[in-house]
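Asks: Residues per chain are reported as follows:
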Amino acid sequence: GESVGLHLPTLSVQEGDNSIINCAYSNSASDYFIWYKQESGKGPQFIIDIRSNMDKRQGQRVTVLLNKTVKHLSLQIAATQPGDSAVYFCAEDTLGGGFKTIFGAGTRLFVKA
Amino acid sequence: GAVVSQHPSRVICKSGTSVKIECRSLDFQATTMFWYRQFPKQSLMLMATSNEGSKATYEQGVEKDKFLINHASLTLSTLTVTSAHPEDSSFYICSARRGTAGELFFGEGSRLTVL
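Those protein sequences? They're chains A and B, same order as listed. Each residue of the first sequence is one higher than the one before, counting from 1 in the working numbering. Each residue of the second sequence is one higher than the one before, counting from 1001 in the working numbering.
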């Protein structure tokens, strides 16, 4: 199967600070990117997405930035809260017999109160 | 948002037995469903793409005879782990989308422990 099966890096931030989580994607032909949040023992939850014809998209407290030149995605969380503690994954839709979603390596976010 | 339900959420079985996991889209029809596997502290690994009414497409390195996938209707896909062994112990997660591309909706996952 396809994935980047690395052990998760960790980001620790103070409550109220902004968090930036980075991700490198693999396929320059991918045209749809998604950030997911996964809490322990649960399935991933959609946070925000972006298409390749955009370089920035904002949601509520979250912003996704896309740099296609270096195949880089970032997720910015404003005013991070304890409830934001989770593992965050970037994912890309890649066409291979129909679109399939491939997950990148995740980042564990710890929010200190 | 759309709801995807997985059952069972946890299953413990003896080595050599087979286990079936169900994935249902509760409020939409899912032409395509996906099965992922996740080991502790690792990312989700795509196992196969399940298309209603046709054979599943397996990712490289995933044994199709070991992991049987059936997508008999637009709302149900099943994953059967045949002759399970301890190394098959993992968190299995299904997902579904309404169309051919776009947002995936995930189930809550099924934790399989093979003794």
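In short, the hints are calculated from the structure, not lab data. One should not assume that every hint holds.
Said to hold, decoys possible - Listed next, the stretches of chain A that the computed footprint assigns to chain B, with coverage defined by at least 3 CB atoms under 8 Å from CB atoms of chain B:
#, stretch
1, 10-22
2, 42-48
What the hints assert, rightly or not - Result set (DMTMM-like, lysine to aspartate or glutamate): computed pairs, CA atoms no more than 20 Å apart in a straight line:
#, chain 1, residue 1, chain 2, residue 2
3, A, K42, B, E1059
4, B, K1014, B, E1087
5, A, K71, A, D49
6, B, K1041, A, D84
7, B, K1020, B, D1065
8, B, K1064, B, E1108
9, B, K1020, B, E1063
10, B, K1020, B, E1108
11, B, K1041, B, D1027
12, A, K42, B, E1052
13, A, K56, B, E1022
14, A, K112, A, D17
15, A, K42, B, D1065
16, B, K1055, B, E1108
17, B, K1014, B, E1059
18, A, K112, A, E15
19, A, K42, A, E15
20, A, K112, A, D49
21, B, K1041, A, D49
22, B, K1064, B, E1103
23, A, K42, B, E1063
Backbone N, C-alpha and C define an ideal beta-carbon position, used for all residues, glycine too.
Asks: Compare the structure with each hint and give your call.
Replies: Each hint tested on the structure:
1. 10-22: Contact hint for the stretch 10-22 of chain A vs chain B: violated, 0 residues under 8 Å.
2. 42-48: As far as the stretch 42-48 of chain A goes, the hint holds, because 5 residues have Cβ atoms under 8 Å from chain B.
3. K42(A) to E1059(B): 23 Å, violated
4. K1014(B) to E1087(B): 12 Å, holds
5. K71(A) to D49(A): 15 Å, holds
6. K1041(B) to D84(A): 18 Å, holds
7. K1020(B) to D1065(B): It holds: about 14 Å lies between the C-alpha atoms, which stays within 20 Å.
8. K1064(B) to E1108(B): The given pair, whose Cα atoms are some 23 Å apart, is violated under the 20 Å limit.
9. K1020(B) to E1063(B): 16 Å, holds
10. K1020(B) to E1108(B): Answer holds: K1020(B) to E1108(B) is near 16 Å, not above 20 Å.
11. K1041(B) to D1027(B): Since the Cα atoms of K1041(B) and D1027(B) sit roughly 31 Å apart, the hinted pair is violated (cutoff 20 Å).
12. K42(A) to E1052(B): Status violated; Cα separation ~25 Å.
13. K56(A) to E1022(B): Between K56(A) and E1022(B) the Cα gap is close to 37 Å, so the pair fails against 20 Å, i.e. violated.
14. K112(A) to D17(A): Distance ~10 Å between K112(A) and D17(A) Cα, so the pair holds.
15. K42(A) to D1065(B): 27 Å, violated
16. K1055(B) to E1108(B): Not satisfied, since the Cα-Cα distance of roughly 24 Å exceeds 20 Å.
17. K1014(B) to E1059(B): Given pair K1014(B), E1059(B) is violated - Cα atoms ~26 Å apart, limit 20 Å.
18. K112(A) to E15(A): Holds - the C-alpha atoms of E15(A) and K112(A) are around 6 Å apart, at most 20 Å.
19. K42(A) to E15(A): 23 Å, violated
20. K112(A) to D49(A): 27 Å, violated
21. K1041(B) to D49(A): 24 Å, violated
22. K1064(B) to E1103(B): 26 Å, violated
23. K42(A) to E1063(B): 25 Å, violated
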